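**Q** Which chain is which? The protein sequence lines are Y and H, in order. With my numbering, the residue at position 62 of the first sequence is 62, and numbering never jumps. If you want my numbering, it's the 1-based position in the second sequence plus 1000.
To be clear, the hints were calculated from the coordinates, so they are not data collected in a lab. You can trust all of the hints, since none of them are fake.
Simulated restraints, written as ranges between beta carbons of each label pair: (1) H:Ala1168 x Y:Pro245: 30 to 40 Å; (2) Y:Gln144 x H:Gln1164: 50 to 60 Å; (3) H:Ile1189 x Y:Val14: 16 to 26 Å; (4) H:Ser1160 x Y:Leu211: 38 to 48 Å; (5) H:Ala1171 x Y:Leu194: 40 to 50 Å; (6) Y:Val31 x H:Gln1164: 23 to 33 Å; (7) H:Ser1160 x Y:His20: 31 to 41 Å; (8) Y:Leu26 x H:Val1018: 21 to 31 Å; (9) H:Ala1171 x Y:Leu26: 20 to 30 Å; (10) H:Asp1064 x Y:Val14: 34 to 44 Å; (11) Y:Gln158 x H:Gln1164: 32 to 42 Å; (12) Y:Arg190 x H:Gln1164: 28 to 38 Å.
With the C-beta cut set under 8 Å, the calculated list includes, among others, these residues of chain Y facing chain H: (13) Ala16; (14) Val19; (15) His20; (16) Phe23; (17) Leu27; (18) Ile28.
This one's a predicted model, so the numbers in the text were calculated from it and none came from an experiment. Backbone N, C-alpha and C define an ideal beta-carbon position, used for all residues, glycine too.
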Amino acid sequence: MHDREEPGKFSAGVLAVIVHVLFFGLLIFGVNWHTKQPEAVEAELWSSLPPVPKPRAVAPQPKRVKQEPKPKPEPEPKQEPVKPKPVKQEPKPEPKPKVAKADIELKQKEQKRREEEKRKEEERKKEQTLKRKQQADALKQLLQQQQTMEAELLRQQQLALQQQLQAQQSAAQARTVSDYKSRIRAKIKRYVILPPDIQGNPQAEFDVTLLPGGDVLDVKLTRSSGNAAYDEAVKRAIYKAVPLPLPPGGELFSAFRELHLQFRPKDDN
Amino acid sequence: MGVSQNLSFISLVANASVVVQLVLLLLLASSFVSWWYIFLKLFSLKQAVRQSDGFERDFWGGADLNTLYQHASSGRHSTGGMERIFEAGFREFLKLKRQPGMDISAVMEGTRRAMRATYHREMDRLEAHLSFLATVGSVSPYVGLFGTVWGIMNAFRGLSNVVQATLAHVAPGIAEALVATAMGLFAAIPAVVAYNRYTHDVDRIAIRFESFMEECSNILQRQAGS
Chain Y
1 MHDREEPGKF SAGVLAVIVH VLFFGLLIFG VNWHTKQPEA VEAELWSSLP
51 PVPKPRAVAP QPKRVKQEPK PKPEPEPKQE PVKPKPVKQE PKPEPKPKVA
101 KADIELKQKE QKRREEEKRK EEERKKEQTL KRKQQADALK QLLQQQQTME
151 AELLRQQQLA LQQQLQAQQS AAQARTVSDY KSRIRAKIKR YVILPPDIQG
201 NPQAEFDVTL LPGGDVLDVK LTRSSGNAAY DEAVKRAIYK AVPLPLPPGG
251 ELFSAFRELH LQFRPKDDN
Chain H
1001 MGVSQNLSFI SLVANASVVV QLVLLLLLAS SFVSWWYIFL KLFSLKQAVR
1051 QSDGFERDFW GGADLNTLYQ HASSGRHSTG GMERIFEAGF REFLKLKRQP
1101 GMDISAVMEG TRRAMRATYH REMDRLEAHL SFLATVGSVS PYVGLFGTVW
1151 GIMNAFRGLS NVVQATLAHV APGIAEALVA TAMGLFAAIP AVVAYNRYTH
1201 DVDRIAIRFE SFMEECSNIL QRQAGS
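Based on the provided sequences and hints, a complete structural model is requested.
**A** The structure is reproduced here in structure tokens:
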């Protein structure tokens, strides 16, 4: 009597299979499992941002300068060929009166004509050679101008590069200097024992003379905070913080020989 | 481990260590069985409620108890739990009533015992497999966690051989390990929800059965007295 089977065994199994197929379909197709690697590479490139502006800053300069020489050579050849034209006109009026006078002696005329022809030919040759020379000179001048322009361009580019490099170096130096200054201040701050009765947030300024090893040679209070106890505490802290952190190598030490440091009891730096 | 990782789900599972794969397989099997039971219980509880509703309508609709008993014992249709309780009680009632020299209280006592026995059998049937759902719900997160811990252990052990340790070296291992936790949770959450829901449903059906038993014994006592 009680050996009834529970209802829907088969349909329950089918439904369970459907649920799992749905779940795995969601896992495989619904979730984007592929990590995008290129984005990570981009992020790494951003860390080296400072050198990127180099090409941007240099690239527009040659373009501007290149545009300038193009209009210049065009007017020059036009002006130069104008000059030889008056030279052609001058010799022509001279032979005409000579021809009118020669009536008696034909030979002389012939000779004269020949001589004149020779002269004309010579003059023509001279003119031609002159023209050629002038054209060659003009070409040479153009070439020279172009060469000088290119050289100037190169120089300008090199100068710009050098300036940028110098600017970067100086910027890096300034960064390390400010970085180490803040480190020095932080180290000193660690040793400051604040006196309990400070009112407000007064600023004490010190001139600290350093030795290359980071030792403190001299500490001068240039501007008191108004609280002598705080001034003394900072002064003691400066001596306690020896050796102060300095950039390695000692090349930048000149920036640290005379330090002007400012301290406030309540700033978080 | 190359730089470009294909972290697709299939490759993650395929590249996982054997222990993690076994854990995933176990979790998949338990999840499948638990879902199977979830649907099975859903159908059977729905059916039990429907049959109880139908029988109560017949019972309180003024039908004769003898015809109801014949209808229940004929076995022509699938009988519900409540109908079987009534059938067992009425059969015992008739048997005891036929015997001479039986006190009415003794007859009612026997009838009540017969109904209670059937009631327990029915409750056992309704509660079957619920313990499995409870087990899956409570254990499979730990099994998944075990797979995860094992996978992460392997990932970090592989990391110790690398000079420059980056996240990219650990990420695939951890991802494949976390698949085990996801699988465990996937198996556990529906099982827990279904367990809570079905125990509540079974409790409600049990209360209905018990109240029906009390009412039915009252009616039988009245019939015996008359």
